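Protein sequence lines correspond, in order, to chains A and B.
In terms of numbering that gives the first Met the number 0, the first sequence is residues 0 to 273.
In terms of numbering that gives the first Met the number 0, the second sequence is residues 0 to 254.
Hints in this document: simulated from the structure, not taken from any laboratory.
Treat the hints with caution; some may be incorrect.
[Stated by the list, open to error] Ranges between beta-carbon positions, derived for each pair:
| # | chain 1 | residue 1 | chain 2 | residue 2 | range |
| --- | --- | --- | --- | --- | --- |
| 1 | A | H114 | B | D122 | 27 to 35 Å |
| 2 | A | P20 | B | S44 | 50 to 58 Å |
| 3 | B | D122 | A | Q7 | 52 to 60 Å |
| 4 | B | R72 | A | P128 | 53 to 61 Å |
Predicted model only: the values in this text are computed from it and were never measured.
No residue lacks a Cβ here, since even glycine has one placed at the ideal position from N, Cα and C.
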Amino acid sequence: MSSISTKQGLAKEVGALSALPPIRWTERYFRLLWGSIGVFGFLLLWQAGVVAGLLDPLFTSTPVEVLLTAFRLVPSRDFGVHFVSTAQSLFLGLLIALAGGVIFGLPLGWFPTLHAIFEPVIAAVYGVPYIAFLPVIIMWTGIGTTSRVIIVVWSAIFPLMINSIQGAREVDDNYLRVGRSFSATNLQMFFTIALPSSLPYILAGLRTSIGRAIVGAVVAEFFMSSKGLGYFINLKANSLEMASAFVAVVVLALFGIALVSLLTYLENRFCNWS
Amino acid sequence: MSKKIIARNVVAIYRGKYNQEPVLACNGVDLEVEEGAFVSIVGPSGCGKTTILYAIDGLLPINGGEILVNNKRVTGPGADRAMVFQSASLLPWRTVWGNITYGLRLQGELNHEKVAKIQSLIDLVGLRGFEKRYPSELSGGMQQRANLARALAVNPDILLLDEPFASVDAQTREKLQVELTEIWARTQKTMLFVTHDISEAVFLSDRVVVFTSRPARVREIVEVAIPRPRSLNTKHSTLMLDYVKRVWNLIEIST
Chain A
0 MSSISTKQGL AKEVGALSAL PPIRWTERYF RLLWGSIGVF GFLLLWQAGV
50 VAGLLDPLFT STPVEVLLTA FRLVPSRDFG VHFVSTAQSL FLGLLIALAG
100 GVIFGLPLGW FPTLHAIFEP VIAAVYGVPY IAFLPVIIMW TGIGTTSRVI
150 IVVWSAIFPL MINSIQGARE VDDNYLRVGR SFSATNLQMF FTIALPSSLP
200 YILAGLRTSI GRAIVGAVVA EFFMSSKGLG YFINLKANSL EMASAFVAVV
250 VLALFGIALV SLLTYLENRF CNWS
Chain B
0 MSKKIIARNV VAIYRGKYNQ EPVLACNGVD LEVEEGAFVS IVGPSGCGKT
50 TILYAIDGLL PINGGEILVN NKRVTGPGAD RAMVFQSASL LPWRTVWGNI
100 TYGLRLQGEL NHEKVAKIQS LIDLVGLRGF EKRYPSELSG GMQQRANLAR
150 ALAVNPDILL LDEPFASVDA QTREKLQVEL TEIWARTQKT MLFVTHDISE
200 AVFLSDRVVV FTSRPARVRE IVEVAIPRPR SLNTKHSTLM LDYVKRVWNL
250 IEIST
């Protein structure tokens, strides 16, 4: 311990540190390295399985075929139309779900009476698999872009509402007391304390909602659409054009990953304190 | 010297949050604080010291008696009083600067001149260079400094301090005590300080008010005639130890 106390000692310490072996890049990128090996290995097995005759390419396609199809499909206008169609209903639906979930959820968590009234209903409905409701909703809303958005909203809104409720309930009393001691109005209490405090909860809810929204959008398209990636996958799978279907699946997955990455960025930017 | 705070025969009932049994915290507290004085309240644990402080700040309604600040009845929090809470309670999503200017922002009174004053306030509490940090990056002592600065920033007549140094380590606490006396000497604010630490109370104050155990009344008021300015050396002087013994005995009798 006393090696640091003198200037000589410090020089010795620094010297010792620089003599440490440098970190090998295999250690630094450990997870990336092995993760890539895993994925590549899986693709290799897949291709090998088809070549060896264990897998029927009519049903499973091959990685190579999927890749080649991707190069043809992704830049094409046709595919672009489907992609945009799904993306539109996703974004619109998520936006509405976010607004609705927060606007309804925060007061519900804040006012004990409201919470007592609505919480059992929400918990009960949330317990039912949301996809089970879809045929019913389709009957109510009919076929069309609006109903697709409604289904996305239905799929996405519950985690957002429930998390907003939680966020509002768990606003720390200490912070509320600070606001009151500085004579904050109710509106000020909401915007300067309740809302920032709930933000991590809301963003966490958004994380779940993104996944559910994508499922909702795709399933809605299975049932009643003529456009969109879900429709595309259904169409291509039914015609045994598996490679095209897989391409669309991968595109959807990448889309979901992109959205969640955006969310992670927002969380790091605005919720670093929690 | 005008009386800044007058509490007469205050009765206060404290209601816990989750439908707990209401508790009679204060039963006939009489208290007076002159302008510019530093007064401490000590007493057995849970006796109602914090309750009376919150009542004076207007955060708690009282059930009997009256509290006058600047000869006006207290009906709620106000710009003439500011509280320094026990846990720093800095809003974690705001920077140090954002926290210290919080009260001013709420009042809509943050402008260029104020900015310069805030900067000198930050220097006064020793947080220069930390303005852009977040509370989670600060030590306990630094958080309490920011807590203090936040209360001073709205320029209240009266500062109410609720055991602000309770959760700070002993060495930092002594440092902060000295700094507090210096800040008090410089700003000349009226300060009402609640603490469990008797030597802290004697060291800081002109007068120490000893509460009985719950339901609280004022047992006795001890005038601390130790000359100012007081340094850390004063803490070990016989004069100081005598006062501490006196206050201790008063509390012993109460419990």
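Results of checking the hints against the structure:
1. A/H114 with B/D122: 27 to 35 Å: violated (46 Å)
2. A/P20 with B/S44: 50 to 58 Å: holds (56 Å)
3. B/D122 with A/Q7: 52 to 60 Å: For B/D122 and A/Q7 the Cβ distance comes to about 37 Å; the hint is violated.
4. B/R72 with A/P128: 53 to 61 Å: For A/P128 against B/R72, whose Cβ atoms are near 60 Å apart, the range 53 to 61 Å holds.
In the structure shown, a violation is registered for the earlier hints numbered 1, 3, in ascending order.
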